[in-house]
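There are 8 protein chains.
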Amino acid sequence: MLFQNGDRVVFTGDSVTDFDRKRPVGEGLGEGVGTGYVRLIHTLLNALHPETVIRISNTGIGGNNILDLKARWQEDVLDLQPDWVSMMIGINDVWRRFDEPDIFEGHITPAQYENTYRELITLTKPRVKGMILMTPYFMEPNREDPMRKAMDEMGEVVKRLAGEYGLPCVDTQQVFDEYFRYRHPDYIAWDRIHPNQVGAMLLARAFLDTIGFSWDV
Amino acid sequence: MLFQNGDRVVFTGDSVTDFDRKRPVGEGLGEGVGTGYVRLIHTLLNALHPETVIRISNTGIGGNNILDLKARWQEDVLDLQPDWVSMMIGINDVWRRFDEPDIFEGHITPAQYENTYRELITLTKPRVKGMILMTPYFMEPNREDPMRKAMDEMGEVVKRLAGEYGLPCVDTQQVFDEYFRYRHPDYIAWDRIHPNQVGAMLLARAFLDTIGFSWDV
Amino acid sequence: MLFQNGDRVVFTGDSVTDFDRKRPVGEGLGEGVGTGYVRLIHTLLNALHPETVIRISNTGIGGNNILDLKARWQEDVLDLQPDWVSMMIGINDVWRRFDEPDIFEGHITPAQYENTYRELITLTKPRVKGMILMTPYFMEPNREDPMRKAMDEMGEVVKRLAGEYGLPCVDTQQVFDEYFRYRHPDYIAWDRIHPNQVGAMLLARAFLDTIGFSWDV
Amino acid sequence: MLFQNGDRVVFTGDSVTDFDRKRPVGEGLGEGVGTGYVRLIHTLLNALHPETVIRISNTGIGGNNILDLKARWQEDVLDLQPDWVSMMIGINDVWRRFDEPDIFEGHITPAQYENTYRELITLTKPRVKGMILMTPYFMEPNREDPMRKAMDEMGEVVKRLAGEYGLPCVDTQQVFDEYFRYRHPDYIAWDRIHPNQVGAMLLARAFLDTIGFSWDV
Amino acid sequence: MLFQNGDRVVFTGDSVTDFDRKRPVGEGLGEGVGTGYVRLIHTLLNALHPETVIRISNTGIGGNNILDLKARWQEDVLDLQPDWVSMMIGINDVWRRFDEPDIFEGHITPAQYENTYRELITLTKPRVKGMILMTPYFMEPNREDPMRKAMDEMGEVVKRLAGEYGLPCVDTQQVFDEYFRYRHPDYIAWDRIHPNQVGAMLLARAFLDTIGFSWDV
Amino acid sequence: MLFQNGDRVVFTGDSVTDFDRKRPVGEGLGEGVGTGYVRLIHTLLNALHPETVIRISNTGIGGNNILDLKARWQEDVLDLQPDWVSMMIGINDVWRRFDEPDIFEGHITPAQYENTYRELITLTKPRVKGMILMTPYFMEPNREDPMRKAMDEMGEVVKRLAGEYGLPCVDTQQVFDEYFRYRHPDYIAWDRIHPNQVGAMLLARAFLDTIGFSWDV
Amino acid sequence: MLFQNGDRVVFTGDSVTDFDRKRPVGEGLGEGVGTGYVRLIHTLLNALHPETVIRISNTGIGGNNILDLKARWQEDVLDLQPDWVSMMIGINDVWRRFDEPDIFEGHITPAQYENTYRELITLTKPRVKGMILMTPYFMEPNREDPMRKAMDEMGEVVKRLAGEYGLPCVDTQQVFDEYFRYRHPDYIAWDRIHPNQVGAMLLARAFLDTIGFSWDV
Amino acid sequence: MLFQNGDRVVFTGDSVTDFDRKRPVGEGLGEGVGTGYVRLIHTLLNALHPETVIRISNTGIGGNNILDLKARWQEDVLDLQPDWVSMMIGINDVWRRFDEPDIFEGHITPAQYENTYRELITLTKPRVKGMILMTPYFMEPNREDPMRKAMDEMGEVVKRLAGEYGLPCVDTQQVFDEYFRYRHPDYIAWDRIHPNQVGAMLLARAFLDTIGFSWDV
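Protein chains in written order, with our numbering: chain X, 893 to 1109; chain S, 893 to 1109; chain H, 893 to 1109; chain G, 893 to 1109; chain Y, 893 to 1109; chain A, 893 to 1109; chain C, 893 to 1109; chain D, 893 to 1109.
Chain X extracted, bound-state conformation:
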């Protein structure tokens, strides 16, 4: 497993990461880390590997796009002195074009997205043991849907940057696409964005597989 005893891992992003975490930093007892995929990762790490102590901190904030995230990167990521940073961002960057088409300042282009993403990586990579990139996703099986298409563009940016910088990447969209071979999107989310526990487990499992988590104990 990538993480070692004593490591601190900061998860950051938007509402999918946030899920009602504690402020200012989501960690500790109870629902400190929220009730989304971060909690399931926290739960599985601590239930199956109690011999390893890893500090999980969640600084996702609902509604954030990559510009919002950049604005608070110093305070909410670097100042926490993480060993590892996991980020999932980009959903709102795309979504707002479709549900608030009139509010232009909320629409992020792929170029803005890529440039800002790159900035965050170059700023962070030298100061941590590693970063894990999670692509944004849209739980829409139809690849011709315009919002799905736009989200795929963002996902491509993330995968390309992961390759370029040699970072582990969780292709969340692919995880959901495979799941939709068996179940309908409505089974794991009401709005195709915010996963219920089953959807969150899909994200958690993919993340854990990526970092080499051992399920056999």
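Warning: the hint list may mix true and false statements.
Only pairs whose alpha carbons sit at most 30 Å apart, straight line, appear in this in silico DSSO-like list of lysine-lysine [stated by the list, open to error]:
1) Lys1017(D) to Lys1051(D)
2) Lys1041(D) to Lys914(D)
3) Lys914(Y) to Lys914(G)
4) Lys914(S) to Lys1021(G)
5) Lys914(D) to Lys914(A)
6) Lys1041(S) to Lys1051(S)
7) Lys914(S) to Lys1051(G)
8) Lys962(H) to Lys1041(Y)
9) Lys914(H) to Lys914(S)
10) Lys914(D) to Lys914(X)
11) Lys1041(C) to Lys1017(D)
12) Lys914(C) to Lys962(S)
Now the stretches of chain H that chain S is said to cover, found in silico as 3 or more residues with beta-carbon under 8 Å [to be verified]:
13) 893 to 903
14) 1076 to 1090
Since the hints were made in silico from the structure, they are not lab data. Think of the CB as a built atom: it goes at the ideal place given N, C-alpha and C, for glycine as much as any other residue.
The hints should help you fit chains S, H, G, Y, A, C and D onto chain X, whose structure is shown.
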């Protein structure tokens, strides 16, 4: 316009009709008729045609499928002695197959749907001035989506019955399909089922056009 | 229609405009624009003309008179860089004389009203594509009522200024007067000021007619 | 004063009497008698005449018309074995014609009103020391307003019956009409029906004057 | 009556005056002036004398003693530019000696009380048309009770200062003492301090008699 | 100590006993026995004498007088099969004469009180190991106060019956009278009826002394 | 895996199973199955094995002991016609002896426990595909603790019955004992009974291993 | 008794002391001092010794460890100018190692604890009449439990410092250990940290015995 001064119109169905209406019968001042498409119909009728007094009653109940509706038809429709009945049912009949695949008793087949629908028409038609049938819908533009396909099957049943019994029919799915040429489903609903005000206005407008409402005053 | 694709329209005024809008600026998803006439305008524009994207922003604040409005004009109107400004103000300026006769500083004279109104127009007109003036009103059919008389004086000011500056004007009082030929004021408001949905639709329709909105689609 | 030490007085009617009284019978400590005119009568009786103990009971129910009142007369008036009964009813009987013109069963004609009122008097008068009739009212100064006209019709019925049966009568409409020579209706009620404390004091004072209450102590 | 059309009267003091008034200044519609004796004064003035417009402002604050009052005198009394000031203070100055005997800084001696009271009068009298002094009270009929004795000492100070400066004085303790000839203290207050409506009416009536209010209209 | 390992003690009475106990029977973990004197007795028994297990059950109900208590005696006392019964009743029997002088059915005479009390004793004594009688009280030091006098009459009844039937009796009034030599009633209760924790401890201590509780452990 | 496509599994027991499940039967969308170990089982089954549809129903009720469970067995287990029944009961049977030592009827002896447990098995086994027994537990590592000892006695009963009837058994106590080699009980529960998510995952994992769940997909 | 008439005693510490006390300083009427052991001390002092007035102030804050306490020592202890200071701190210093093993900054070593504790004593002792030290505790009877062991280490520090500086010390751990000879920890706390009323009485009694409180009056 189909409706005349002094007529009573009962709208019934599921949560799309209900939208937090008053119990036991949704009517009267304030949000008595709920806050969905029924209220917009009520608003437009009374704002543009104050010379005509029409009683709007709403007996939709969230979560209902056609069997639930049949079970309360006497009390919630016939006992109100309506002049007109408008019904929109079938969404939950299909939806539950996809979001609760394990709870079989909530899955309604097209045959059950058609037989029960027919029963309600034959029971009601002789006792009212007329019935208006509104098809169920799924705000999913992709016709290959399995839930959309299943919903289209139900919509076909409604349109066929409307033709057979000579009843006016509002093809709500078509209304939304046309709208999706310009905007994404996420603009009018979070879950592709429950319309926000813009989505509700699309339903209201289609209904009013069907009954010959005059927009010029 | 006056408004074109990409335009931003700021509605401002008192509680009739506000209607529980989001702070600091009322816009976006859900009930961001409040639940009054501004929402109905937003709903009809987006339901009937999805091909045109217009940004609707609401900065009405309950209880405001024209002096309150002037005090926040820079921040709540000009700073938003609107293409169009719609304003409805004056009701509280008159109302307070009648329900709080002892609190003199809340009583605005027609002269104060006219001078301030003129200031706002001269400050704003050169910086926008256009302004739409909506008269204040009192849903009191009796023109001899002293509060109605005083409100009519304010309405005259607005209509005169609209003529003088060549601005479109919505004569809201006339809209209600016509409606009262058929229905009693209690049908559309409990307090003869705050319209329910039917009353709000009367305002919305009059506004939309004024800007050349097409009801046929 | 009509009332004597040890007497029980039951006030009944609609929301103007009710004003959030305790259930099932409004009496006793605190806000047991509600917060409307009945409480002011209770307050003045007990503050200025502590030497006399009079039991005040309130059984008004919001929304009631005369048919609703009749339906519960036995339980809410006669079973309490009052020495005196004060009733004020009729506002909703008229109001519903104007704010719910479509719901016919809520519209009470003057004839229904008179017949039912007469029934209640003939049933009650022999069993009590006396009844006090309070006319319904509409805080609308314009006597040509159709709802005011309809309310005046009801008031005439009450005054006629009071004369016929020799009962004291409080002409509440006249009380308000005189007040409107100085202040606007909006000063004492938001909806021209439910009085604030000032309006309630006008009712209380008129009632107390009618029963020969002494203000000098 | 002392007060004339257009006068502003500021009532200030502790919780007996406050009674949940609006902040920062208690005035205007609804329960702006609180629900205690100040509201009853407001109600009676406006109900019986609508021809006279008097502005009632309430700046009582629960828990205040005379030092607290002095600390906010500029802001809460003088800055409001009253024509008349009515003050009732001193209850907490005494009460805290008995219910919080251990918290010494809350115990005010008669000397502190008198000196501070005198300061407030000399500061205020030249700037207003007049001041009305209301004695503190304890609804305890037993004059040998130590808290009653201590309160009487304070009352004596107020009456002496009123005489010395020629100001009208409401002897509230005497009002209650007379009432207790007929009713027990528990009838008008649970804690012998905070009057219910009947107790508040006793205060209001005494105040109104003192200012020459006419009950006949 | 009167109570022995395994005994069940039922405390019953009015709000002083109740103090928000659990329904239907106040016992068990947390605040099951309420937060008044019964809890302090429970706390002291279990903290100082853990070697003895005694079941404490509370069935006091706020507002009860002796007739209310008799009506539920079978269900709330005898059916619980107690070894010991402690009762404190009579406060409301007297209080209502003073705070609700108009509601006669709530006024209990000493004769009614004595007869009913006697009935309860004769019904219960043969079925239990013993009864403990607690007198009602009024935290009023002035023995000439009419409510205190009336309460003393009730207390005399209890003490006389205790003597007659040879039952232990807690003279609660005497406990408070002694305390008032040092502190004012306002120190232990706001309304001279409902004790705060200090007042409740006085009751608990007197009870425990009566049953021979050992404070030295 | 024991469970097959289309099977219904009913989980029943006390608060550890309940965890705020929906009433009357805990199943379906959202938190229908509660938020404890049952939800984690539901989540893992549906996330990792979407090809298999299994109906999970939860009828645990907080505070239940085995007698409470027996009393509702017909309605809450058999009437649901399950294919599989999983039960975990016995914690409260023991706990009440220690936290409510005075309330004897809540103390269940091992003999009562065994006899009742046996009854439930013999009644149920012939009507289902299988039963899974989960032992009660106390998250107390010290085997000499009297409550732990008593719980172990109950656990022995369950393991013995499982052997006797050939039923799969989850030894939950052993699961926790192993975990305590690495972490303190306070890490997974505040009260050593109600597991947080980490504790619930330990239960879920042990259950899933017992039924042959495959973690590799 | 150590405390004399007029003394002020400040209790400070963590949640066991806090127990929902008033902010900023916990004192005065009602639940000002919280609902834990401090209130019981307050209650017993004032109920049994009304002749002595002692001011009890509570500045405990939930979650505090000794570093948190030091950070606010000036404001929350010294600035209050106490005659006596009672402190109980150290539980969280140990607990966090076990329930939040990953958040290192919350883990306090015995050396940090001792040094900081010593600082507080040397800073405070010269400025007060005396200090009372209460050891931290863990309601865990098993002395081999690692958290109990760690807590005992802290308790040893406190006892050693008390001896060194000649300060009275309450050995709270010993109090609970003796109690556990009769009852299980679950009888007095759900989480072995926060005592219910019975547990709080054990602390209060031990404290009062330490200061020479007389139970006989």
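Quick one, are Lys914(Y) and Lys914(G) close enough, alpha carbons at most 30 Å?
-> 26 Å, holds
Tell me if chain S covers the segment 893 to 903 of chain H under the three-residue, 8 Å CB rule, please?
-> violated (count 0)
Counting residues of the segment 1076 to 1090 of chain H whose CB is closer than 8 Å to a CB in chain S, do you get three or more?
-> The restraint on the segment 1076 to 1090 of chain H holds, since 4 of its residues have a Cβ under 8 Å from chain S and three suffice.
Distance restraint between Lys914(S) and Lys1021(G), which requires alpha-carbon spacing of 30 Å or less | 43 Å, violated
Quickly compare the C-alpha distance for Lys1017(D) and Lys1051(D) to 30 Å and report which way the hint goes.
-> With a Cα-Cα distance of about 16 Å, the restraint between Lys1017(D) and Lys1051(D) holds, given a limit of 30 Å.
Between Lys1041(D) and Lys914(D), is the straight-line Cα distance small enough, at 30 Å or below?
-> 34 Å, violated
Are the Cα atoms of Lys914(S) and Lys1051(G) separated by 30 Å or less?
-> 38 Å, violated
Given the proposed pairing of Lys962(H) with Lys1041(Y), does the C-alpha separation stay at or below 30 Å?
-> Violated, because 57 Å separates the two Cα atoms, which is more than 30 Å.
Are Lys914(C) and Lys962(S) close enough, with their CA atoms no more than 30 Å apart?
-> 26 Å, holds
Lys1041(S) paired with Lys1051(S) [C-alpha distance capped at 30 Å] = Status holds; Cα separation ~15 Å.
Would the pair Lys914(D) and Lys914(X) pass a check requiring their Cα atoms to be no farther apart than 30 Å?
-> 25 Å, holds
Given the proposed pairing of Lys914(H) with Lys914(S), does the C-alpha separation stay at or below 30 Å?
-> Holds, because 26 Å separates the two Cα atoms, which is no more than 30 Å.
Hints 2, 4, 7, 8, 11 and 13, counting from the list given before, are not met by this structure.
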